[in-house]
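**Q** Each chain, written out:
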Amino acid sequence: MKFVEKSLIISNSLVNEFCYRMVISSPKIAKAANPGQFLEIGCGDYNYPLLKRPISILNIEEDLIEIIYYVIGKGTNMLSKKEPGDLIEIVGPLGNGYSVKDCENHILVGGGYGAPPMVFLANKLLRMNINNIFVCLGSKTKDMILCKEDFLDLDVSLCLATEDGSVGKKGFVTDIVKTVLDNNKGKTAVYSCGPTPMMENLYKVCREYENVLSIQCAMESVMACGIGVCNGCVIKVKENDRVIYKRVCTEGPVFEGAKVVW
Amino acid sequence: MVTEVRIGSLVMKNPVTTGSGTFGYGEEISEFYPLNVLGAVTVKGTSLLPREGNPYQRTCETPSGVLNAIGLQNPGFEVVKDVKIPFLQKQNVPIIINIIGSTVEEYEELAERFDSLPVDAIEINVSCPNVKAGCMAFGTTVEGINSVVTSVRKKTKKPIITKLSPNVTSISEMAIAAEKAGSDAVSLVNTFLGTVIDAKKRAFVLANKTGGLSGPCIKPIALRMVWEVYKAVKIPIIGQGGIMTGEDAIEFIMAGATAVSVGTGNLVNPMCAYNVVREVEEFMAAEGIDNINDIIGCVS
Ligand SMILES: Cc1cc2nc3c(=O)[nH]c(=O)nc-3n(C[C@H](O)[C@H](O)[C@H](O)COP(=O)(O)OP(=O)(O)OC[C@H]3O[C@@H](n4cnc5c(N)ncnc54)[C@H](O)[C@@H]3O)c2cc1C
Ligand SMILES: Cc1cc2nc3c(=O)[nH]c(=O)nc-3n(C[C@H](O)[C@H](O)[C@H](O)COP(=O)(O)O)c2cc1C
Ligand code: FES
Numbered sequence: 025m026k027f028v029e030k031s032l033i034i035s036n037s038l039v040n041e042f043c044y045r046m047v048i049s050s051p052k053i054a055k056a057a058n059p060g061q062f063l064e065i066g067c068g069d070y071n072y073p074l075l076k077r078p079i080s081i082l083n084i085e086e087d088l089i090e091i092i093y094y095v096i097g098k099g100t101n102m103l104s105k106k107e108p109g110d111l112i113e114i115v116g117p118l119g120n121g122y123s124v125k126d127c128e129n130h131i132l133v134g135g136g137y138g139a140p141p142m143v144f145l146a147n148k149l150l151r152m153n154i155n156n157i158f159v160c161l162g163s164k165t166k167d168m169i170l171c172k173e174d175f176l177d178l179d180v181s182l183c184l185a186t187e188d189g190s191v192g193k194k195g196f197v198t199d200i201v202k203t204v205l206d207n208n209k210g211k212t213a214v215y216s217c218g219p220t221p222m223m224e225n226l227y228k229v230c231r232e233y234e235n236v237l238s239i240q241c242a243m244e245s246v247m248a249c250g251i252g253v254c255n256g257c258v259i260k261v262k263e264n265d266r267v268i269y270k271r272v273c274t275e276g277p278v279f280e281g282a283k284v285v286w
Numbered sequence: 006m007v008t009e010v011r012i013g014s015l016v017m018k019n020p021v022t023t024g025s026g027t028f029g030y031g032e033e034i035s036e037f038y039p040l041n042v043l044g045a046v047t048v049k050g051t052s053l054l055p056r057e058g059n060p061y062q063r064t065c066e067t068p069s070g071v072l073n074a075i076g077l078q079n080p081g082f083e084v085v086k087d088v089k090i091p092f093l094q095k096q097n098v099p100i101i102i103n104i105i106g107s108t109v110e111e112y113e114e115l116a117e118r119f120d121s122l123p124v125d126a127i128e129i130n131v132s133c134p135n136v137k138a139g140c141m142a143f144g145t146t147v148e149g150i151n152s153v154v155t156s157v158r159k160k161t162k163k164p165i166i167t168k169l170s171p172n173v174t175s176i177s178e179m180a181i182a183a184e185k186a187g188s189d190a191v192s193l194v195n196t197f198l199g200t201v202i203d204a205k206k207r208a209f210v211l212a213n214k215t216g217g218l219s220g221p222c223i224k225p226i227a228l229r230m231v232w233e234v235y236k237a238v239k240i241p242i243i244g245q246g247g248i249m250t251g252e253d254a255i256e257f258i259m260a261g262a263t264a265v266s267v268g269t270g271n272l273v274n275p276m277c278a279y280n281v282v283r284e285v286e287e288f289m290a291a292e293g294i295d296n297i298n299d300i301i302g303c304v305s
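Sequence lines, in order, name chains A and B.
Each number in the working numbering corresponds to the 1-based position in the first sequence with 24 added.
Each number in the working numbering corresponds to the 1-based position in the second sequence with 5 added.
Hint data in this document are derived by calculation from the structure and do not stem from the laboratory.
Hints are supplied without guarantee of correctness; some may be wrong.
Stated by the list, open to error - Have a look at the derived ranges for each label pair, beta carbon to beta carbon:
#1 B/Lys239 x A/Ala282: 57 to 67 Å
#2 A/Lys283 x B/Thr200: 44 to 54 Å
#3 B/Lys214 x A/Gly195: 36 to 46 Å
#4 B/Ala212 x A/Glu85: 39 to 49 Å
#5 B/Thr200 x A/Gly109: 56 to 66 Å
#6 B/Pro91 x A/Asn71: 32 to 42 Å
#7 B/Asn296 x A/Arg151: 24 to 34 Å
#8 A/Ser49 x B/Pro91: 35 to 45 Å
#9 B/Ala212 x A/Lys166: 33 to 43 Å
#10 A/Glu173 x B/Pro91: 46 to 56 Å
#11 A/Arg231 x B/Asp87: 33 to 43 Å
#12 A/Ser123 x B/Pro55: 20 to 30 Å
#13 A/Val95 x B/Ala212: 21 to 31 Å
#14 B/Glu148 x A/Ser123: 51 to 61 Å
Predicted model, so just to flag it, every value in this text is computed and none were measured.
For every residue, glycine included, the Cβ atom is placed at its ideal position computed from N, Cα and C.
This is chain B alone, in the form it adopts within the complex (with noise of 0.2 Å):
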């Protein structure tokens, strides 16, 4: 049975992968099972500088999923290449790192800066909800798109995910501009701009008021705009948004991702990930499918 699947020049032994964010820097999940069993572990979004993340409460529970505005807290390039890349490279795992930047230059600078350390692919972040400079003001315009990547593409020759925001009228238009200036991969959706309001006391729940969305809630959603994308490009597909199992995952592939990653999963139980690998298996086995890459896309 063939599990391994292709993004660009990173080869990953299973099509699963951790949503960034939801993951740390692998350390704590570390404590649960042994990272390598993963097809790659996507980290937290890291800037060049420490960034200390938006006021408490950041996160509320929505029905089937859950609300978040962190504000993209990190400890910055220095502190992820002495301290958090040596810990990943010990486990044995493909690393993709994500990046987030207030200014083209700063995602260009970060491209720049990883493109020596051994990390396996970079992805760009465009599509954060939750900060007030640059980030997901960059993914939901054409243009924004094709300033960063084209900057990015020409600071290092390893693979480029764009991680694309579902904020926008049409996702497909996105995919089709970061495939145009160099990405090697797109992988879709960010979380869904959104709010929680407490009745009784008439306020937002979050202290940034509005968060981003995600969980099992946003997977239909997620999905179609999967197939969407998969119509328009050429380039592999990272396909998340809700996936909490197997059967979840293998969805995503079918309507056109090569990859998936588990997010709002890892919150849930510490274990997800590593289930989600062993259930694609087991349907694989059930279902007499040999080669996961030819159901990508299969649906009819």
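This is chain A alone, in the form it adopts within the complex (with noise of 0.2 Å):
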């Protein structure tokens, strides 16, 4: 089921020089949604701006919802400017989210702004008594790196890797990804989240070990409803030898990188 809710910001703060995050109350959104599962978040008044803005879950509590979204635009400022408080219309839960395999091991890669899925996802692995969670986290510098601070009180092994060094591994995600399976040789699987060229990176480089049995990868695109009714946010993927467009809103965000035409 699928609702469209009036929520009530509960908090609303700058977490970097870019991005807020926000905690809001929408019970029946909370209760459906899954890992990898994307919200649109109506940011204005009266219509304007007209069309709601996609944003991914970064987790949930209860009746709670957190998101983190970066200022790029005019919906995402007029976001920013919200108090707690205030109400917000969300329609949601949106999309498929992530399926998770029988695994010995579990990967999870979140690049830049695509870290606050996984704070969802490793929650959702942990209730499910599932252990050997590795999470990846990679940015351009360390004040750039999400949600490291959610991973911290979770059992998971944490890894992290910075174009400029300025904290865990000097150099890009894929590298971090590459020594944790070079180290685990069990059947693992790969969730990802975060800008295409980096997806695309990291799908080039697991689908070389054998034991990698999956990599999942939220692909993103402009949408206009976010509900799969307009046909608007094709991507191409294959599908039995043919080439077909899938609605990112609907059939993803997350498809099977071996899918997905890069």
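Work from the hints to combine the two standalone chains into their complex.
**A** What follows is the structure, encoded as structure tokens:
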């Protein structure tokens, strides 16, 4: 079931110079949501801006949903001005999230703004009594690594990489994923979210390992409806030896990397 | 309070349907509310064979509107017959099928095939601005409309609704052509041809370069066109263009529409068409209107 819910903002505060973290009370959507799914958030008032904005779910606790969003243009700018006590209209939960694979090792990869959904996923895996969870986060600099604190309390192995070496290993997130794969030989599932070039690279690195059974990638595209009615948000996907368009908002956002036409 | 309206032999329990292409085939929105609250469901433009549509990027927000160049992606007649229509039948709501073709023969063939299926009306789309062949090419001349509508009329007894393009000098002339050729109703307007440029990239935003503009930004023009067509033809009008609320819908009815459709509103809020139904009734109650048919074209 999907819902349109008038939701109460509990908090909305700056995380770093570029982005905000928001807690919203949305009981119906919270109960139905799974990791990797997203919300369409009404950022303005009186239909300005007209369309809602797609934002991933960072985590859910009881009735509360947490998100992190970058301030990019008019929608997210207006969202950043909202205050606790304000109501916003949210549609969700939308799309297909990650499917948990029957594997020994689970590697969760968040590149830049792709870190938030990994918090929700790690929590879900732990509730399912799954161990051997590796969380690999990468970013340009130390300040731009999101959600590090969310993982510190969790029983997961956390590995960081920054392009400038200000924290963790100097280099790309794919470098640390490679190290994890070299050191852990059992059946492995990879779950990822981040910029498309990063996920493409990740997919190409991981498919070289025979023990990696699944490489799931959360894709992005410009959406109008977010619910599957307009056919706007398509990407090219391989199916039965053919290349066809699939809707990121409905068949995705999570796709198997092997199916995506990179 | 009477909200029932008639489009030829199509009976709608209230005047609200959906804009083709903004509601899929109803499956997605049925996760939000039961579709039988609507007067009818108008489905995505359907062709004989599946169409893959235009390359991405297909949509872009504009001030108070949306520009789209989907390119009529649809699963084609067979899937619509075997999967989509059976689904809609179970929803117990009148079905308006929207047909598209690159040639007159394709429209004819589709009309013939849908004539034997449980759909309640056929909307002829001669107004999509986003495909190379056919479609809007027919809808922008009197001869084009005449040839498509005449051919479709020969193949079906079901109510025919001709969907008009606003990208013409005189939309009334097009409506008159549709009426003369045997159309039971006209629906207007389809989207306005437009474009958006990304100044920093010095490039068009949509892969198709141009697209169709819809949403609240087109409402005043659409409303004026409905009023003009109302004065020009006797057949009923389905009004559309930027309807987001019950009051918007009432304005179209007062301009001369018998029914209305909610298009872009569904993209903004999945509950939009449902809300419009409710708000129309609230407006009627508050204003003491007993029968919706009494206010069709009532503006002075
Ligand atoms: C499934 C999904 C999940 C997302 N999750 C997050 C998240 O958790 N945190 C976060 O910060 N961002 C996320 N994004 C990106 C976010 O949707 C955009 O940053 C946001 O829409 C920008 O809106 P704006 O009005 O501020 O920018 P504007 O540039 O003014 O937006 C103009 C239009 O372009 C669209 N748009 C702009 N950038 C993007 C983009 N990168 N992807 C898709 N559409 C875009 C907008 O939705 C809007 O329709 C996600 C995108 C998708 C598709
Ligand atoms: C994403 C999108 C897809 C559309 N696809 C179709 C279509 O397949 N067939 C059609 O006749 N009209 C199509 N339209 C036009 C709408 O049905 C409607 O006529 C138009 O958008 C104006 O109404 P609105 O402002 O309420 O959206 C489409 C519109 C949008 C926004
Ligand atoms: S955004 Fe409309 S179908 Fe995905």
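**Q** Can you let me know if the beta-carbon spacing of B/Ala212 and A/Lys166 is within 33 to 43 Å?
**A** 38 Å, holds
**Q** Indicate whether the distance between the beta carbons of B/Glu148 and A/Ser123 respects the range 51 to 61 Å.
**A** Hint holds: Cβ distance 55 Å, inside 51 to 61 Å.
**Q** The hint says 32 to 42 Å between B/Pro91 and A/Asn71; measuring C-beta to C-beta, is that right?
**A** Holds, at about 35 Å.
**Q** Given a hint of 21 to 31 Å, does the C-beta separation of A/Val95 and B/Ala212 actually sit inside it?
**A** For B/Ala212 against A/Val95, whose Cβ atoms are near 27 Å apart, the range 21 to 31 Å holds.
**Q** Per the hint of 20 to 30 Å, is the separation of the Cβ atoms of A/Ser123 and B/Pro55 within bounds?
**A** Between A/Ser123 and B/Pro55, where Cβ atoms are some 28 Å apart, the hint holds.
**Q** Is the gap between the beta carbons of A/Arg231 and B/Asp87 within 33 to 43 Å?
**A** At 37 Å between Cβs, range holds.
**Q** Can you tell me whether the CB distance of B/Lys214 to A/Gly195 sits inside 36 to 46 Å?
**A** The hint (36 to 46 Å, Cβ to Cβ) holds, given that B/Lys214 and A/Gly195 are roughly 40 Å apart.
**Q** B/Lys239 and A/Ala282, beta-carbon distance inside 57 to 67 Å?
**A** Given about 59 Å between the Cβ atoms, the range holds.
**Q** If I claimed the Cβ atoms of A/Glu173 and B/Pro91 lie 46 to 56 Å apart, would that claim hold in this structure?
**A** 51 Å, holds
**Q** If you check the beta carbons of A/Lys283 and B/Thr200, does the distance land in 44 to 54 Å?
**A** Cβ of A/Lys283 to Cβ of B/Thr200: about 33 Å, so the range 44 to 54 Å is violated.
**Q** Just to be sure I understand the hint, the distance between the Cβ atoms of A/Ser49 and B/Pro91 should be within 35 to 45 Å; is that true here?
**A** 40 Å, holds
**Q** Okay, B/Thr200 versus A/Gly109 on CB: inside 56 to 66 Å?
**A** At roughly 41 Å between Cβ atoms, A/Gly109 and B/Thr200 fall outside 56 to 66 Å, so the hint is violated.
The structure is inconsistent with the numbered hints 2, 5, 7, although it conforms to all the rest.
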